[in-house]
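Q: Residue numbers (UniProt numbering), protein chains in the order written: chain X, 1 to 376; chain R, 1 to 243.
Calculated from the structure, these hints are not laboratory results.
Computed footprint of chain R on chain X; a stretch qualifies when at least three of its residues, placed anywhere within it, have a C-beta under 8 Å from a C-beta of chain R:
#1 7-18
#2 290-304
As a list, the in silico DMTMM-like pairs of lysine to aspartate or glutamate whose alpha-carbon atoms are at most 25 Å apart:
#3 X:Lys281 <-> R:Glu100
#4 X:Lys219 <-> X:Glu239
#5 X:Lys191 <-> X:Asp60
#6 X:Lys281 <-> R:Asp123
#7 X:Lys281 <-> R:Glu166
Some chain X residues judged to face chain R by a derived CB distance under 8 Å, without partners named:
#8 Phe2
#9 Leu3
#10 Leu372
Even glycine gets a Cβ: it sits at the ideal position worked out from N, Cα and C.
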Amino acid sequence: MFLAIRELSFARLRFALMGAVIALIAVLMVMLSGLSVGLVRDGVSGLQNLPVTSFAFAQDVQRDSAFSRSVVDLSAVDEWDAQPGVADAAPFGNTLVNTRTDRGTEVDLALFGVQPDSFLSPSVSQGERLGTEDGIVVSPTALDAGLQMGDTVTIDRLGTRLRVVGVTKQQDTFGHVDVAYVPLAAWQAIKSGTAPGTALPQRAATEITAVAVRADDGKSVDLPAGDTAAGTESLTLKESYGASPGYTAETTTLQLIQGFLYAISALVAGAFFAVWAIQRKPEVAVLRALGASTGWVLRDALTQALVLLAAAVAIGVGIGLALGALITGSGIPFALSMPSISAAGAGLVVLGLVGAGAAVIRITSVDPATALGGNR
Amino acid sequence: MSSRPAPTASTTPADDASERLGLVMRAVSLRHGNAAETVQALDDVDLTVRPGELAAVVGPSGAGKSSLLAVAGGLARPDHGTVTVAGQDMTVPSRRTRTELRRRHVGFVFQSGNLLPALTAADQLRLPLQLGPRSQRSGRDPLKLLADVGMADKADRRPHQLSGGERQRVGIARALVTEPSVLLVDEPTAALDRARSHEIVQLLAREARHRSVAVVMVTHDHDVLQYCDTVYEMVDGKLAASS
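Here chain X stands alone, though its shape is the one from the complex (with noise of 0.2 Å):
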């Protein structure tokens, strides 16, 4: 530490130069972060809300796409309720549609079909919760792409009339829309194509996409055995949001450009202090001369490269934040997450540290008998 904080302050304009280049991969981060919880927020956000633990599809089907694809007959509930372990389980409809308020506003909702008197009914910041035979429950983000409480909207093609009767506590979106709760003979009607005034078909009102699956507080459900009996496949609820249009390709991605920052980060601050290592070779000889041992001289480039990393990743991270800050709420899908910003500047700093440890590890070859004779 007595050298490595010295050397940092004499050659402050090296040190700031490496320092710039990690606090950029830092900012990077964090905007990459915010991206990925802004992302996984606005595309799954209203299956995370849900007090689910498990939905159960049709046998078979595609799972990326099971949201869409998934018929399953109301009978399976019976089965689900029935299974050791399930606390609930409840009918669960999902659909996306294009709709239009009567000033012509145009907004796409996903349809969350659900029985206004099961667990899935979701509690409202204001206005009521489902029980009318039209009414829906919008997310708060709904309100901000141009509906208003009591708007009533209209379904494209169909004519369906839907009037906002509530508004949910927190974001609720899907694939990136937001969602309206709406009860599940309503959304039997309108996923059949059934026109207002029609009579439902027979079929369309025992046809849902899932069953809700809810487990007793701290105990499993036997997942296969209910599958078995249901005849249904089933996924977690963290599994399930893989079926959220779009979300495997955007986390998979975002997550590839994450890891090939961090090694950037390990390959940058490695090349950094491999030069660093060999400048200083004819000084580290005097060192050792002097009577350093090989783990002094160790510790002093380790604490000289982590002091440096935190510095800068902590600089980086700050001003991640404060542009972050400025993207929230402007339209981009992007939401700071401190966890997830926490890790990733842990993540940075230790990558960096392994590179910067595998850099400075050759300073331990050093003779010292190099600093005798006129080899300086």
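Take the given structure of chain X and dock chain R to it, following the hints.
A: Frame of chain X; chain R shown alone:
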């Protein structure tokens, strides 16, 4: 050259207490290179330097002078022979032990000082005191020692802000700060003019006597030998008292 009688390189037995506090090398040999090509860097070298004595080693380049310092300071292990500093065996196999012995008993003065660019003159002296375990961090007061070598007013200067002679003064003070038993000095006047060279070697002689440190100085500079108590000549790895 000193007015004292010319000493011998190998005849003084290292069996009295004062010798044990200094440097004693007996029948030391060292080879460099590999099986195909070897160089006899040190050839059956005997050397005794008592506390307070300034011994000079002269000789042509490649004669083995730096190897002598390296072996004396525990930077290299000899193939044969014994080396003791303050009674401690400097040829033990453990590099860690030799490093610790060097830290406690040996001070090095390098060509041009070999100061660390990031450190002020005062910090150059504080550095050796930081190298050991916390419990062993004792030594002289760096600022007082800087004053002793005439550098009190330049304690906050870094090496690039000092002249060659000033750098060498700081280097000498740095070597003395841990209160070593032996000072190993490598070409201290190599980059200095004649006047500065005399000042530096006078300083070394004064400090050696004042602090009872055994000093071995390797040099090409015959002008400064007058300040030395003993002078040895090294040729092809063999050490002999100078005529």
